[in-house]
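Read top to bottom, the protein sequences are chains A and B.
Sequential numbering of the first sequence, starting at 1, is according to the working numbering.
Sequential numbering of the second sequence, starting at 1, is according to the working numbering.
Since the hints were derived computationally from the structure, they do not count as laboratory data.
For clarity, every value in this text was computed on a predicted model and none was experimentally measured.
A portion of the hints provided could be inaccurate.
The calculated DSSO-like cross-link candidates involving lysine-lysine, where the alpha carbons are at most 30 Å apart (straight line), are [claimed, not checked]:
#: 1; chain 1: A; residue 1: K56; chain 2: B; residue 2: K32
#: 2; chain 1: A; residue 1: K20; chain 2: B; residue 2: K181
#: 3; chain 1: A; residue 1: K24; chain 2: B; residue 2: K32
#: 4; chain 1: A; residue 1: K20; chain 2: B; residue 2: K103
#: 5; chain 1: B; residue 1: K32; chain 2: A; residue 2: K23
#: 6; chain 1: B; residue 1: K208; chain 2: A; residue 2: K389
#: 7; chain 1: A; residue 1: K64; chain 2: B; residue 2: K103
So the derived label-pair ranges between C-beta atoms look like this [stated by the list, open to error]:
#: 8; chain 1: B; residue 1: N140; chain 2: A; residue 2: M1; range: 47 to 57 Å
#: 9; chain 1: A; residue 1: K389; chain 2: B; residue 2: L61; range: 43 to 53 Å
#: 10; chain 1: A; residue 1: T2; chain 2: B; residue 2: R69; range: 45 to 55 Å
#: 11; chain 1: B; residue 1: A62; chain 2: A; residue 2: T2; range: 38 to 48 Å
#: 12; chain 1: B; residue 1: P57; chain 2: A; residue 2: D3; range: 32 to 42 Å
#: 13; chain 1: A; residue 1: D457; chain 2: B; residue 2: G129; range: 35 to 45 Å
#: 14; chain 1: B; residue 1: R69; chain 2: A; residue 2: N363; range: 28 to 38 Å
#: 15; chain 1: A; residue 1: A266; chain 2: B; residue 2: H172; range: 25 to 35 Å
Idealized CB from N, CA, C, for every residue including glycine.
Here is what each chain is made of, one letter per residue.
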Amino acid sequence: MTDVVMPQMGESIVEGTLTKWLKKAGEHVERDEPLFEISTDKVDTEIPSPAAGVLKEVLVEEGKTVAISTVVGRIEEGAGNGASVPAPVAAKQAPAPPPPAAAPAPKAEEPEPQPAPPLIAESRTAESRTAESRNEPPAPPQPAAQGDGDPQTGALSPLVRKMAREYGIDLRQVKGTGGGGRITKQDLEAYMSAQGARTMAQAGAPAPSPSAAPPAPAPAQSPAPAPAAAAAPTRPAPAPPAAPMPRAEAPRARVEAMSTMRSKIAEHMIMSKRTSAHVTTVHKTDMTKIAKMRERHKGEFQQRYGYSLTYLPFVIAAAVEAIRAYPIVNASIEGNNIIYHNEINVGIAVALENGLIVPVIRNADERNVTGLQRAIVDLSTRARSRQLKPDEVQGGTFSITNFGSFGSVFATPIINQPQVAILGVGSVEKIPVVVDDAIAIRSVAYLALTFDHRLIDGSVADQYTGKVKSILENWAEEVL
Amino acid sequence: MCETRICEFRDLGRVGYAEALEVQKDLVERRKQGLISDQLLIVEHPHVITLGRNGHPENLLASEEALERAGIEFHSSDRGGDITYHGPGQIVGYPIIDLREWKRDVVAYVRAIESVMIDALSEFGIRAGRLEGCTGVWVNGGKVAAIGVHISRWVTSHGFALNHTTDLKYFHYIVPCGLTKPVTSMEALGSHAVRDQVVAALARQFAKHFQFELLIHDREGVVPTLTETIS
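Isolated chain A (complex conformation) (with noise of 0.2 Å):
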């Protein structure tokens, strides 16, 4: 007999309840099978059994508390059919019985581990092709020893497995392109938006998909992307109401699901353009004498940095030092307070191929020209590759847009939250001016900038952008 204890879950723990035997007494029991469960303090813990045999006794009735090594039933070894074989680990009680066939999974050492088990092997919207292609994982037991990575049993990440079950796509039909045929979302966006093309029309049907998980009007029930679709004749009004029937015309609109970012950067616009008292106001600035300082470094700074100097880092410099005289443009606001942030975190804009995200210069008033084109030069570059780290894109106190780079004179940015000012920077360009009562050629360019009106006053916006033009129309330090 061997007996079974209430386990130590935890050093400070003395006691614990005794809430469910998940097995009667004269019960089989395999070892490492789930025995019977305890809780403590919001934690229910399932308790393997410590042996295979029959469950003999029951010392402790569930509901019971009891102290810890208390003996709570006793477990008579050897009983009941090939006792000694470790169960197979899936062997769960009620909620996921194993199918039948598939079950086995071996535990023992397996030369290659399949990263991906069955996993959702019960379902509950059975039929469908939905539930097929759920059920397919366990098919493959034939032990394929050549070991191509069929994308069936390749890893699934939960996200391409929602989807797939979500618009019933079926797993066999689409190929894969991650590592050794892995289906990524990518791969299942290909393919829905193919199969959009081919039976999308009906757009009164969107499902009902969230706003964060990839929102998708996608062909989420037309079950079979059917030559039926072609054949349906063009009947005029009453469709049958169940599923939308899918037109002979051709489709006017092509539709996609929104990438995760392109899905974020809307929630953030709607987002901030909520929260925040939206104003942009506008200063001309005179970048003559930078454009020339620049004319005479451009060739040395090349040659000596590898990467070209431009204005953006002036910019910077002085929207940084004009936030020393007005800090309240580098905070936010927390409900009733205004956090004043004593770090200068600026957030560049970069655009990229098919959205745009805001990497962070941290301390960026620790930092020169030189410096600052070297971290925007750094930033952008592994923005464009995807290889910005996390904290690269957080923790941002401020915002800087260049959208004169591509040759917007001017424009009113949004807010990057929970920030409360953006400076955008228009194109500089040469235009004829008055100069004391004479016409001269300048280099000009518009700063713009978004403050939220919630925090930042008229007139201290426009105090803060005119130190910020009179900082870069006087620029006397030298770059190199």
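With chain A's structure known, arrange chain B on it following the hints.
Coordinates of chain B only, in the frame set by chain A:
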């Protein structure tokens, strides 16, 4: 505790309760087999009321039909704790951790989860704390976060639910966790923090309290995340 322990982190966004259970079950199984490292999932559930294994059905104050009419699912669950509500605006965290590699202590685990949330909240100027005998995180007598954990072979599942912008009226359907104490949310406490910021703070504090190196996955389970994109 000197070597680096990796925890994979995923913010899956909106996921149905049943679905999240399946994902957890899968991860727990693979964690037990040592095929994967520790995991932290963050999700948001549609309206759902769940009853812990040892919960009291009488703490559900509405009939299941009434819930259905209100668009609220009902689930029994194998986690610890009594009855609770999950829904939009709530940040739900499911750590799948092998406690044998941490402290082998379930109570210490629950306390650490509380600390994670308390410290994360303090990043947003909210002073939260514990309430003797009432697991969870509390602010001025209101419960801002609930905890319910299941452990099998020292591997954790289920976890915590932090009310960020949760619509608190949904708690009227239940006696939360069997306690007749008020619930609150970060929003109700005056915070304007956005979800991603809060999730980032939770991840950061989680890594700190459990001495993890976080490996952050994008939602599709691929590479690094862009926790804050925008201009």
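| field | Pair hint K24 (chain A) and K32 (chain B), alpha-carbon separation not exceeding 30 Å | value | holds (26 Å)
| Between P57 (chain B) and D3 (chain A), does the beta-carbon spacing fit 32 to 42 Å? | holds (35 Å)
| field | Whether the CB-CB distance between N140 (chain B) and M1 (chain A) falls inside 47 to 57 Å | value | Since N140 (chain B) and M1 (chain A) have Cβ atoms about 54 Å apart, the given range 47 to 57 Å holds.
| query | Is it true that the CA of K20 (chain A) sits at most 30 Å from the CA of K103 (chain B)? | reply | Distance of about 25 Å is within 30 Å: holds.
| message | Assuming the hint says 43 to 53 Å, is it satisfied by the Cβ distance from K389 (chain A) to L61 (chain B) or not? | response | 47 Å Cβ-Cβ, so the 43 to 53 Å window holds.
| field | Outcome of range test on Cβ distance (T2 (chain A), R69 (chain B); 45 to 55 Å) | value | About 52 Å separates the Cβ atoms of T2 (chain A) and R69 (chain B), which means 45 to 55 Å holds.
| query | So does A62 (chain B) sit 38 to 48 Å from T2 (chain A), Cβ to Cβ? | reply | holds (46 Å)
| Regarding the pair K56 (chain A) and K32 (chain B), is the alpha-carbon distance no greater than 30 Å? | Within the cut-off at roughly 28 Å; holds.
| query | Holds or violated: 25 to 35 Å for the Cβ distance of A266 (chain A) and H172 (chain B)? | reply | Given range 25 to 35 Å: holds, Cβ gap about 33 Å.
| request: Given the range 28 to 38 Å, decide if the beta-carbon distance of R69 (chain B) to N363 (chain A) lies inside it. | output: violated (55 Å)
| query | Can the restraint linking K20 (chain A) and K181 (chain B) be considered satisfied, given a maximum Cα separation of 30 Å? | reply | holds (28 Å)
| request: Given the hint that K208 (chain B) pairs with K389 (chain A), test it: the Cα-Cα distance must not exceed 30 Å. | output: holds (17 Å)
Hint violations for this structure: number 14 only, all remaining hints satisfied.
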